[in-house]
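Participant: Can you build the whole structure from these sequences, using the hints too?
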Amino acid sequence: MTEDSILGLSRIIQTSIPSDSVILIAGGPGTLKSGFVGTYISNAIKGTDMMGVYLTVEEAKDSLLRNWKELKIQVPDSLKIIDFRDIRRELQQTEDTHALSFLEEVISSEQLLGGDKFRFFALDSLGALYSMIGRDAVRSKLFTVFQKLKEFGLTAFFIYEEKRGFEYDFEMADEAFLTDGIIKLGITTKGSRFIRVEKMRACKHSMQPHHLDVGPHGLSILGPRLE
Amino acid sequence: MFPKKSRMSIEEQKIALLEAGETLGYEVGLKGHLDNVGKIVEKKRALLKKARDLGVLEKMMFKYAVAKETGTKERRLSIYSKPKPGMTVQPRRTERSKVAERPAVEPGPRGLHFEDEERMITAATRPERIGISPHALINLIEAIDADSTAKYQRFYEVLMNVADVSDEVPYIRGKETLEKVLSALKRNGWISDYAIEIFSPARNELYILLGSTYAKYHERSRRPVCRILTQAIERAASSAFGREVRVVETKCMAQGFNKCEFSTF
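If you're matching them up, the sequences are chains C and W in order.
When you number the first sequence by the working numbering, it's gap-free, plus one each residue, and the end is 227.
When you number the second sequence by the working numbering, it's gap-free, plus one each residue, and the end is 1265.
The set of hints was computed from the structure by calculation and includes no laboratory data.
Mixed in with the good hints there might be a few duds.
Under the rule of at most 25 angstroms between Cα atoms (straight-line distance), these lysine-lysine pairs were calculated in the DSS-like manner [as the list claims (entries may be wrong)]: (1) C:Lys80 to W:Lys1014; (2) C:Lys148 to W:Lys1186; (3) W:Lys1073 to W:Lys1180; (4) C:Lys46 to W:Lys1049; (5) C:Lys141 to W:Lys1014; (6) W:Lys1073 to W:Lys1175; (7) C:Lys148 to W:Lys1073; (8) C:Lys117 to W:Lys1180; (9) W:Lys1031 to C:Lys141; (10) C:Lys69 to C:Lys46; (11) C:Lys141 to W:Lys1073; (12) C:Lys80 to W:Lys1059; (13) W:Lys1251 to W:Lys1186; (14) W:Lys1059 to C:Lys141; (15) W:Lys1073 to W:Lys1031; (16) C:Lys117 to W:Lys1251; (17) C:Lys80 to W:Lys1050; (18) W:Lys1251 to W:Lys1175; (19) C:Lys199 to C:Lys148.
The model shown is predicted, which means the values in this text are computed figures rather than measured ones.
Facilitator: If you want it as structure tokens, here you go:
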């Protein structure tokens, strides 16, 4: 995992993040959570033999790719986007309860096929998974899933949509405790986007919010936001 | 396991492949195999590669996951609801029967069932023993004899289930299951007194206090040590709640506490 996977990320994270980390990307609607993860993984694996998997249980694959195109994300072939709803529809499965088993199976199977090349995993989003299966059922298994990801040495991103207007979503306290890092994305009252690294184990980082901008080269992190 | 492709169209190959994945997933779930070691992993890898070549990898993963989940559920149901094939009924020792026939001890403060005086005297004059079922013993010996790369995992799995009382207690939904399991663990010497302080499936909350024989004899530890009891309680709690729950030991007698504490994670 490199600091310059997103332009300007080295302004916030001073040392490299351990590869076996589970990172929670939290933020309200429209804060570029998916875009941030897409940019990060795409840039990290581009031109290497590494591969990644982006599992979406919420947004359709086509819609996601359209949004990423607007953000100037060049998706490499080695980033596989899996649309859970699409597969379920094709197989005419109506039950949502298999989402968690499928998530575990994707991680195991991709590791089995890709071996050490499989380095990045993303789930979009935890909230959608909760709405399908129920929060309690997922939470009791999240620990096992996180352990598996770490065991395989993956850098994993779990996107979590917070309620707008809340500085801290208390419902996510358990997830925050279990993950190695929390990156919070938000929109100020004046309408500008910001990023703040709230937690990152074994890594020096700034706690200050920084401006997040979409420029001609895609996402970039600018200077610190003045309070 | 996978039909020969020579005379099959691509679509037929895809269907046959997905069916083969489904069958393997179901078998893994039903028999409780580990699918990341040994022959199973080779079979699974071959099917996944084939699925990738035919462009149905994600569908294969889905089919496999759903079938494995179904197989696992059926295995649990069969374990919890009926005796294992070939098992004879465990003969009851007279002493155990006497214990079972005793009137229930009235709950003490905070609902704790403390040992009655007679048992305390017995314990003082005779060393405590922990009993395991013949089924658990056979599994343990077979795991030791196993000659495969899965030996360690298999042994660990069996050892963690050595306090299993599924041949004594029907695992069904409701608090009664948890009470019966704790009672059986007490009968087998794994625990002494116990109390279910909180049992709330609706809030996913469980809080149990008990005296652990294992922790009592274990040397002082900085961490809780009753992993086998945790496993047994977790299985009972999952049945009692009607869904999978994760139980952790939050305080342990080996750490110097008076009782071991178990609660939902």
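Participant: All the hints need checking, so say for each whether the structure fits it.
Facilitator: Structure-based check of each hint:
1. C:Lys80 to W:Lys1014: Distance of about 20 angstroms is within 25 angstroms: holds.
2. C:Lys148 to W:Lys1186: 34 angstroms, violated
3. W:Lys1073 to W:Lys1180: Given that 25 angstroms is the threshold and the Cα spacing comes to 22 angstroms, the pair holds.
4. C:Lys46 to W:Lys1049: 23 angstroms, holds
5. C:Lys141 to W:Lys1014: 32 angstroms, violated
6. W:Lys1073 to W:Lys1175: Holds: W:Lys1073 and W:Lys1175 sit about 20 angstroms apart, inside 25 angstroms.
7. C:Lys148 to W:Lys1073: Holds: C:Lys148 and W:Lys1073 sit about 21 angstroms apart, inside 25 angstroms.
8. C:Lys117 to W:Lys1180: 49 angstroms, violated
9. W:Lys1031 to C:Lys141: Holds, at roughly 21 angstroms.
10. C:Lys69 to C:Lys46: Answer holds: C:Lys69 to C:Lys46 is near 16 angstroms, not above 25 angstroms.
11. C:Lys141 to W:Lys1073: Holds, because 16 angstroms separates the two Cα atoms, which is no more than 25 angstroms.
12. C:Lys80 to W:Lys1059: With a Cα-Cα distance of about 14 angstroms, the restraint between C:Lys80 and W:Lys1059 holds, given a limit of 25 angstroms.
13. W:Lys1251 to W:Lys1186: Holds - the C-alpha atoms of W:Lys1186 and W:Lys1251 are around 19 angstroms apart, at most 25 angstroms.
14. W:Lys1059 to C:Lys141: Status holds; Cα separation ~23 angstroms.
15. W:Lys1073 to W:Lys1031: Holds - the C-alpha atoms of W:Lys1031 and W:Lys1073 are around 11 angstroms apart, at most 25 angstroms.
16. C:Lys117 to W:Lys1251: Roughly 41 angstroms separates the two Cα atoms, so the pair is violated.
17. C:Lys80 to W:Lys1050: Cα-Cα ~17 angstroms, so holds.
18. W:Lys1251 to W:Lys1175: Roughly 22 angstroms between the alpha carbons, so the hint for W:Lys1251 and W:Lys1175 holds.
19. C:Lys199 to C:Lys148: Holds, at about 21 angstroms.
Of the numbered hints listed earlier, those contradicted by the structure are 2, 5, 8, 16.
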